[in-house]
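As they're listed, the protein sequences go chains A and B.
Residue numbers for the first sequence, in this note's numbering: 1 to 404.
Residue numbers for the second sequence, in this note's numbering: 1 to 404.
Keep in mind that the hints were calculated from the coordinates and are not lab data.
Any given hint could turn out to be false.
Said to hold, decoys possible - SDA-like cross-link-like pairs, simulated, lysine to any residue; straight-line CA separation at most 20 Å: (1) B:Lys401 / A:Ala345; (2) B:Lys16 / B:Gln283; (3) B:Lys401 / A:Lys171; (4) B:Lys401 / A:Asp80; (5) B:Lys401 / A:Asp304; (6) B:Lys401 / A:Asp2; (7) B:Lys401 / A:Arg88; (8) B:Lys401 / A:Val343; (9) B:Lys401 / A:Gly346; (10) B:Lys401 / A:Pro234; (11) B:Lys401 / A:Gly305; (12) B:Lys401 / A:Gly229; (13) B:Lys401 / A:Gly328; (14) B:Lys401 / A:Arg83; (15) B:Lys401 / A:Ser379; (16) B:Lys401 / A:Val344; (17) B:Lys16 / A:Val344; (18) B:Lys401 / A:Ser300.
Stated by the list, open to error - Pair by pair, the computed Cβ-Cβ distance ranges are: (19) B:Glu52 / A:Pro322: 36 to 42 Å; (20) A:Ala364 / B:Val184: 53 to 59 Å; (21) B:Ser235 / A:Asp4: 45 to 51 Å; (22) B:Thr266 / A:Thr44: 54 to 60 Å; (23) B:Thr266 / A:Ala186: 30 to 36 Å; (24) A:Glu138 / B:Met82: 43 to 49 Å.
As the list claims (entries may be wrong) - If the Cβ cut is set under 7 Å, some of the chain A residues that face chain B in the computed set are: (25) Leu28; (26) Pro29; (27) Thr66; (28) Pro67; (29) Leu150; (30) Val152; (31) Val155; (32) Val252; (33) Glu372; (34) Pro390; (35) Ala394.
All residues carry an ideal CB built from backbone N, CA and C; glycine is no exception.
There are 2 protein chains.
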Amino acid sequence: MDLDLIRRLAVPNETKILLAVVDGLGGLPHPETGRSELEAAQTTHLDRLASESACGLTMPVGYGITPGSGPGHLALFGYDPMRYLVGRGVLEALGIDFDLQPQDVAARGNFCTLDAKGRIIDRRAGRPATEQNVALCEKLRQIELPGVQLFVEPVREHRFVLVLRPSGSDKLSDQITETDPQRVGAVPLAAKPLAKEAKKTADLVNSFVERARAHLNGAGPANGLTLRGFAKQPSMPAFPQAFGLRAAAVAVYPMYRGLAKLVGMTVLQTGSTYDDEIETLRQRWDEFDFFFVHYKAADSAGEDGDFERKTAALDAFDQAVPKLQELGADVLMIAGDHSTPSVVAGHSWHPVPFLLHSRWTVRADDADSFNERACLRGSLGIFPASEALPLAMAHAGRFTKYGA
Amino acid sequence: MDLDLIRRLAVPNETKILLAVVDGLGGLPHPETGRSELEAAQTTHLDRLASESACGLTMPVGYGITPGSGPGHLALFGYDPMRYLVGRGVLEALGIDFDLQPQDVAARGNFCTLDAKGRIIDRRAGRPATEQNVALCEKLRQIELPGVQLFVEPVREHRFVLVLRPSGSDKLSDQITETDPQRVGAVPLAAKPLAKEAKKTADLVNSFVERARAHLNGAGPANGLTLRGFAKQPSMPAFPQAFGLRAAAVAVYPMYRGLAKLVGMTVLQTGSTYDDEIETLRQRWDEFDFFFVHYKAADSAGEDGDFERKTAALDAFDQAVPKLQELGADVLMIAGDHSTPSVVAGHSWHPVPFLLHSRWTVRADDADSFNERACLRGSLGIFPASEALPLAMAHAGRFTKYGA
């Protein structure tokens, strides 16, 4: 739904909305049993909740489109993921809790190994240990360039983040090409401006790369680098203003905190387990109208192609459901940002099971358990993930009538 | 899905996609038995395939919209049928295998009978035999006009195709009004330009009609003509480039070959039966990534309102399913361009049964047979026909992730 329309329809209320995201929730049948991870898991609490809820399946972006984490979450936050795209550099910076500013340009960096003629012979520099990565980033931090502040932040193995922040009022642009030729045997490319106003940024990046070669020389296999996914934060309406909700986010992993921060949610300090996250929700319950809480383990297991571990992660999530319910939200949604089927060992395009539980205004349907097959029988059908929050607003009594 | 996005997401792969279109596939219940043609037919092979496939129903154009053959097929080829419309004149030319060029303007012509005052007294000139039609077209071919080459091609009964092709670099326009007043007792209308650049074309058409009156005089009841559906080929992105697929089309009827050619598919020579078509697929299997194969008999029987014959046509199609499967496509789709219910004796707006079979990444659903009712229980739901090909691209491993 258009955010301008949402702003027009939103009315104040005392109600609370809880969006519990199970990362990579959707799955596919195990080839031997024909049952998906959710069907194989012990989901007693989810099944009971489903039988009392409006169920359906969310389409994260579109038919056949496999979303990254950015579009998957933005859609659940009510943003059209086709319209608002978060670039790789920004996501990578968010993923290490870097405090990105609106004027920053961020890029994903890879250390690589170059031969004597400057050609790439290993695109990942032999996957250095993280301590080596930290040491390499230290070297690069010695580089200074006029008019910008440079940040070089280690991620892990061969990956780092480069952030350029203008020192004065000058603007940087992310409309420049990547330097990664994406293949062995090629020389890293020069960054080229894709727009007139991007020439200065391209020049700065190329200077950085040139100086980096000198600083990395003799630093073992990581004697070069490539940069891609140059990006600034997308400009988008702030969530609290668009929906009229004081919004809080609770997540263990930095990337999800970063995505929430990007749309203007307040990111709450929390511990390292899902129990910690729920405890944080409990403690801060009175301060906000909307809560996003993130559960990661299902996705990680799915990415590893580990059907049993994903099933176990869903078992564990199910155990936490009563605690989520005890918080007493007027609207509780259990949703996923995308499917991560173990048989795919990665994200996929398949729609994601969804339930919306609300005290009063939920229509009865035939979805009496919580999985891909049962949710097809739900009253919500297959619908765009970006419509989940408008639905929640309605169920929370926070939307006025449209038209007289 | 937007074709620009498709182009961005498409990645190379070795996989093959087979789109088997059953023309007029969808039906409606027989008033006595309550069973549709598909429910009455022996669809053993289709039912087995459905139980192993992702099923659903495609919406060709929109709710309540009955599509012609053009939009029905363009949607299955991945084109938004609201955006890309193939005009009647172009379809009529494609339907007789006319080698239409991008600069041509084509129109559908009807021979009619005029009274002494030039008023239409029979809009179809007594439906002349096809030999008479050919003779009438021969007369019209004697007409010459400056700056254009004229083609007058018989279709059947009272119908013919007129094509105007500019001789030089001048452009013709299809933005002119029809000459058919659509009622008896009225005088055929003059063609009027709907845009400034269309004046020359309107003048040419009016000169043609005037000269035709003289040439047809004394030719019996067909002493006049009307023209409608002036159209040029729509300008649209080529299928092979948009999807990154070497694409081949196999169809017995010229119109479907023409539609495939319009989007840039390679049209393969084939015989006159569906077995011939499948044999052509088999012989040319290594040369292409995508195949469209067309089965006509179900539509023809539905158009004739012949429930039994449509059921028999679906029986016959079912018998061919194992041969389609033996080709070994990585993704096999069984789809229809629109519904042609026998009780309607024509096209209808109803969504069309659809299945997508793929070796790995298909979600289990409750659709265990292939008909209108069972496909409602499928994992794909009711979805736009133009999203079928994006889904196939995903299942064929030919789409990269959207967003980081």
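Quick rundown of the hints versus the structure:
1. B:Lys401 / A:Ala345: Holds: Lys401 of chain B and Ala345 of chain A sit about 13 Å apart, inside 20 Å.
2. B:Lys16 / B:Gln283: holds, 14 Å
3. B:Lys401 / A:Lys171: violated, 30 Å
4. B:Lys401 / A:Asp80: Distance of about 17 Å is within 20 Å: holds.
5. B:Lys401 / A:Asp304: holds, 17 Å
6. B:Lys401 / A:Asp2: Roughly 24 Å between the alpha carbons, so the hint for Lys401 of chain B and Asp2 of chain A is violated.
7. B:Lys401 / A:Arg88: holds, 12 Å
8. B:Lys401 / A:Val343: Cα-Cα ~17 Å, so holds.
9. B:Lys401 / A:Gly346: At roughly 10 Å apart (the allowed maximum being 20 Å), Gly346 of chain A and Lys401 of chain B satisfy the hint.
10. B:Lys401 / A:Pro234: holds, 19 Å
11. B:Lys401 / A:Gly305: Given pair Lys401 of chain B, Gly305 of chain A holds - Cα atoms ~17 Å apart, limit 20 Å.
12. B:Lys401 / A:Gly229: holds, 14 Å
13. B:Lys401 / A:Gly328: Violated, at roughly 37 Å.
14. B:Lys401 / A:Arg83: holds, 16 Å
15. B:Lys401 / A:Ser379: Roughly 29 Å separates the two Cα atoms, so the pair is violated.
16. B:Lys401 / A:Val344: holds, 13 Å
17. B:Lys16 / A:Val344: Within the cut-off at roughly 19 Å; holds.
18. B:Lys401 / A:Ser300: holds, 17 Å
19. B:Glu52 / A:Pro322: 36 to 42 Å: holds, 38 Å
20. A:Ala364 / B:Val184: 53 to 59 Å: holds, 57 Å
21. B:Ser235 / A:Asp4: 45 to 51 Å: violated, 33 Å
22. B:Thr266 / A:Thr44: 54 to 60 Å: holds, 56 Å
23. B:Thr266 / A:Ala186: 30 to 36 Å: Once the Cβ atoms are compared, 34 Å apart, the range 30 to 36 Å for Ala186 of chain A and Thr266 of chain B holds.
24. A:Glu138 / B:Met82: 43 to 49 Å: violated, 57 Å
25. Leu28: holds, 6 Å
26. Pro29: Pro29 of chain A check passes; min Cβ-Cβ to chain B is 5 Å, inside 7 Å.
27. Thr66: holds, 5 Å
28. Pro67: This hint holds: Pro67 of chain A lies near chain B, its Cβ roughly 5 Å from the closest one there, short of 7 Å.
29. Leu150: violated, 22 Å
30. Val152: Violated. Min distance 20 Å.
31. Val155: violated, 13 Å
32. Val252: Check failed: Cβ of Val252 of chain A comes no nearer than 20 Å to chain B, outside 7 Å.
33. Glu372: holds, 6 Å
34. Pro390: violated, 19 Å
35. Ala394: violated, 22 Å
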